[in-house]
Each structure stands twice: as C-alpha cells, then as structure tokens.
Amino acid sequence: MAASETTGVVRVFQLHRDRDVTGYSGTGVVADGVIRPDGAVSMRWRGPVRTTVEAACLADIQTIHGHDGATRVVLGAVITGGAAWTAA
Numbered sequence: 025m026a027a028s029e030t031t032g033v034v035r036v037f038q039l040h041r042d043r044d045v046t047g048y049s050g051t052g053v054v055a056d057g058v059i060r061p062d063g064a065v066s067m068r069w070r071g072p073v074r075t076t077v078e079a080a081c082l083a084d085i086q087t088i089h090g091h092d093g094a095t096r097v098v099l100g101a102v103i104t105g106g107a108a109w110t111a112a
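Reminder that position 85 of the sequence shown reads as 109 in this note's numbering, one-by-one numbering, no gaps.
Because the hints were derived from the structure by calculation, they are not lab data. Virtual Cβ for every residue (Gly too), placed ideally from N, Cα, C. Where hints are given, some of them may not hold.
[What the hints assert, rightly or not] Label pairs and their calculated CB-CB ranges:
{"no.": "1", "residue 1": "Thr76", "residue 2": "His40", "range": "14 to 22 Å"}
{"no.": "2", "residue 1": "Asp44", "residue 2": "Ser66", "range": "32 to 40 Å"}
{"no.": "3", "residue 1": "Gly32", "residue 2": "Ala94", "range": "28 to 36 Å"}
{"no.": "4", "residue 1": "Val45", "residue 2": "Val102", "range": "29 to 37 Å"}
Start from the sequences and build out the full structure, keeping to the hints where you can.
Set out below in structure tokens:
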C-alpha cells in the first residue's frame, strides 16, 4: 500500500521471524503493529528492549526489517468504524 492511499479501515499485523539474522530478536512473533487508514504504520517490538517504530507505509517496514525474507508480515483482522469519544 502506498503512503498516499486511504483504505478507510485499520489493519493489525505481526512480524513473524523465521530466522534470526542478527541474533537479537529471536524467532516467532517479534513485533505487533497497526496500519492506519492513510497507510501510515506503527510497530512495537516484543523483545527485551521494547521500542516503537513509525513508518510511512508497510513496505518501509518490510524493507528495513524483513531481512531478505527471514521475516514475514502476517495481517490480522480489519477494524472498521472509529472510536466513540464523549466529552465529560
């Protein structure tokens, strides 16, 4: 999905690492993320140092953290609608 596309839905995803190329993150599910309707991505690492990564699009996450196919993006459910906010 390009950074300029708007889908109208929020998607969640996980990074599944089959091979730990760096020896740091381990294997299995190593991060959780969300793709916003405009394509922007937030991702949080599950490891001992839990940093959060922001990217313009999912392709950027795959390019930086995919390690040439050692890590897969697994998409979860589609979340539609919006938050219901009320003023106090």
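Hint-by-hint comparison with the structure:
1. Thr76 x His40: 14 to 22 Å: Once the Cβ atoms are compared, 19 Å apart, the range 14 to 22 Å for His40 and Thr76 holds.
2. Asp44 x Ser66: 32 to 40 Å: Distance hint for Asp44, Ser66 is violated at roughly 23 Å.
3. Gly32 x Ala94: 28 to 36 Å: 32 Å, holds
4. Val45 x Val102: 29 to 37 Å: Cβ of Val45 to Cβ of Val102: about 31 Å, so the range 29 to 37 Å holds.
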